[in-house]
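Novice: These are the residues of each chain, in order.
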Amino acid sequence: MSQSKLIRFRHGTAIPLSELPLLDFTTFRESLLEEVGNHARVASFFGHPNENVLDLYAILSHDWQGELALLHTQVKDSYPSLTPDCPQMHLFERELAEQYGVRPEGHPWLKPVRFHNAWVGCADIWGRDPLQHPVPGDMEFYRVEGEEVHEVGVGPVHAGVIEPGHFRFQCHGEEIMHLEISLGFQHRGIEQMLSGGPHPTTPYQLEAAAGDTTIGHSCAYSQVIESLSGRDASPRAQALRAVGLELERLANHVGDVGAMAGDVGFLPTSSFCGRIRGDYLNLSADLCGSRFGRGFVRPGGVLFDLNLEQVANMLNKLEILEKDSRGAIELCFNNPSVLARFEGVGCVSVDDAETLGLVGVVAKASGLVRDTRLHHPIGAGIKDYAPPVIEVEGDVCARGNVRRREIYASHELLRETLNNLPEGTIYTEPAALAPNSLAISLCEGWRGELVHCAITNDAGKISRYKIVDPSFHNWSALALALRGEQISDFPVCNKSFNLSYCGFDL
Amino acid sequence: MFNIIRERLAQGYRTGKYPKVEPVLAQRFRGRPVIKPQLCQPQCSLCIDSCPYGAIERINGKICLDMGRCLFCPTCTDICPHGALTFSNDFRLASNTRSGLIVDDTEYPMVQELNTKMKKLFGRSLKLRQVSAGGCNACEADLNVLGTLTYDLGRFGIQFVASPRHADGILITGPISENMKSAVLDTYAAIPEPKLVIASGACAIGGGPFRGSPEVNNQLGGVGDLLPVDLYIPGCPPHPYTALDAMIRLMGQIE
Chain A
2 MSQSKLIRFR HGTAIPLSEL PLLDFTTFRE SLLEEVGNHA RVASFFGHPN ENVLDLYAIL
62 SHDWQGELAL LHTQVKDSYP SLTPDCPQMH LFERELAEQY GVRPEGHPWL KPVRFHNAWV
122 GCADIWGRDP LQHPVPGDME FYRVEGEEVH EVGVGPVHAG VIEPGHFRFQ CHGEEIMHLE
182 ISLGFQHRGI EQMLSGGPHP TTPYQLEAAA GDTTIGHSCA YSQVIESLSG RDASPRAQAL
242 RAVGLELERL ANHVGDVGAM AGDVGFLPTS SFCGRIRGDY LNLSADLCGS RFGRGFVRPG
302 GVLFDLNLEQ VANMLNKLEI LEKDSRGAIE LCFNNPSVLA RFEGVGCVSV DDAETLGLVG
362 VVAKASGLVR DTRLHHPIGA GIKDYAPPVI EVEGDVCARG NVRRREIYAS HELLRETLNN
422 LPEGTIYTEP AALAPNSLAI SLCEGWRGEL VHCAITNDAG KISRYKIVDP SFHNWSALAL
482 ALRGEQISDF PVCNKSFNLS YCGFDL
Chain B
220 MFNIIRERLA QGYRTGKYPK VEPVLAQRFR GRPVIKPQLC QPQCSLCIDS CPYGAIERIN
280 GKICLDMGRC LFCPTCTDIC PHGALTFSND FRLASNTRSG LIVDDTEYPM VQELNTKMKK
340 LFGRSLKLRQ VSAGGCNACE ADLNVLGTLT YDLGRFGIQF VASPRHADGI LITGPISENM
400 KSAVLDTYAA IPEPKLVIAS GACAIGGGPF RGSPEVNNQL GGVGDLLPVD LYIPGCPPHP
460 YTALDAMIRL MGQIE
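Line order of the protein sequences matches chains A and B. According to our numbering, the first sequence is numbered sequentially starting from 2. According to our numbering, the second sequence is numbered sequentially starting from 220.
If you are wondering where the hints come from, they were derived from the structure by calculation, not from laboratory data. Fair warning: there could be bad hints in the mix.
[Said to hold, decoys possible] Below, simulated BS3-like cross-link-like pairs (lysine-lysine); rule was C-alpha separation at most 25 Å, straight line:
hint, chain 1, residue 1, chain 2, residue 2
1, A, 318, B, 236
2, B, 236, B, 346
3, B, 239, B, 338
4, B, 338, B, 236
5, A, 77, A, 112
6, B, 400, A, 112
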């Protein structure tokens, strides 16, 4: 591949749009497929309206080189779909079709993603009335017909205190033949609200892109702004962000192990972990006053520092919590009746994981080494990150085990970071953003890789902001994992993924 | 079996004693704002200008903060050079009315209990159907925390139930996205009368971080535009103790 077709770079730098080679669609397609054939994966793919055409940008990640590759082309009303040759693109293409009315010809599963009106004045490709808000879940669901075949519909309002989403199971007796997931109920229009920004409200909206990943999304956003303003956060701020990220990971992973134990009826771990999760959230509150890390990370650094006494206090609390966490978690993973329910259920093969471009806990549980902290590190606090946790079975147990081992690794990482906080300031005002540029940032949230990308206009304002939450890739894996499983295994499978609805719906 | 018992002993008894014993919250926790007019400079508008959600206003010369819009970030208190606006550690923030969420320098009233008839019905047993309508899942996460053994919501007779038919009220989180509006209204309609409506979190009260988005439904007064609200629980997200205190006061369980 000649270098002129694409740009290779590391995240954390801003690229002037004028330096991006514009490829005709055929070259774009061939280059993309060639890159993916060379072990790149699609981190992000999005459109940006440009007069009468739609600019398309594909961001591919070469994990082991720590590099990103950027491909740029233009399309009008339609283009030959890339999905049949590169299934990782399937949702990105559906999303583009819904946002800009461009049809990916030959897409095998072209359905709405979030049920909103097109962002530009164009005909809706499903023929929905542009003057009315689309009805969520209004689409053709895949159906299996036949004797003793039945359909189970769940949601949008679920039985517990959880987010809304619609699930349709095609079942034969207890066996699930197919699960289709229809989301969009949490769509708040975050990406559109960002255009013309950054606005004073922007940090708050990014913190609430997925509330359980507040620190993850606000770190990714801050890194984008810092890249565009050419001014990195100080080493101390970056180390404190790493502390926030690991606390977020601990709270969520411990909560997830507890929830998985609860779904197979193992109540000791379920109740212990519920309490311990809350105590990790309280550590985040010790750090910044909010259990979810609200108001902690801002472009330019962080808003709260830790003095020596506070560091010592946090280390003390962590030591106690580590003991409690280990006790609660090991109890569950040493229990044969729990393992009998975890093992061999909801498998995702390594091939499927690679084909679908999965990330985070789910990818690691299927044997893929994908961790932004290792491949695309940014800043000081994370430079000594040990190789990530890998499991190979791809089942519920493997996803639980990834969490269990990541919890222990996080304790280690936190101790290391808190004991070696660099000196210096925690906040430096970001400079004006570079005009007509593009910046990308990656951040390993607790679910997996968060990809934020911004394009600026002549005035240095954001003209397109694109967010990829790990759940965007991984929801498809949940549907796949359920094939051939019993419908009664859905809850524990679902908990083992614990994906975000709002992070997907945006 | 012995391992489980041993671990149970190691983990200890963890249920909080609220309301008999006050909980200890993080030092940096931002609870009810405290306004000191004697320190406030009449010409200064730094705090008002610093809030991107317009939560702070000067009414009759006095600074007032609307906790229904406030996201409890540290911006306004950091910018005030006079120390006239600070956040206290007090988690008792809820109110029976929307206007009750506006804090000034006078004493902040606590949630009033239900009237005699409603208290007789719901005072000792309150079943709620929670609907998440376009939020970020932080409110839901901290409501779920109420079910953990630290808070043990069940001991107050409060339970989140699966069916609106079994519920005495609806607790709404999120700014009511366009895509959830009909589900919220349908759920409310399915709850038998008499019923309560609780708006929990900045989104449900007034759009929260998403105020102004065309995809959400509360441009004016939040859930209150669609349904008659009995209890507002502010915060982004509300602290579990804020929600717990609000609900048990409404039920008349705190004198």
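Novice: Which numbered hints turn out to be false for this structure?
Specialist: Per hint list: zero violations.
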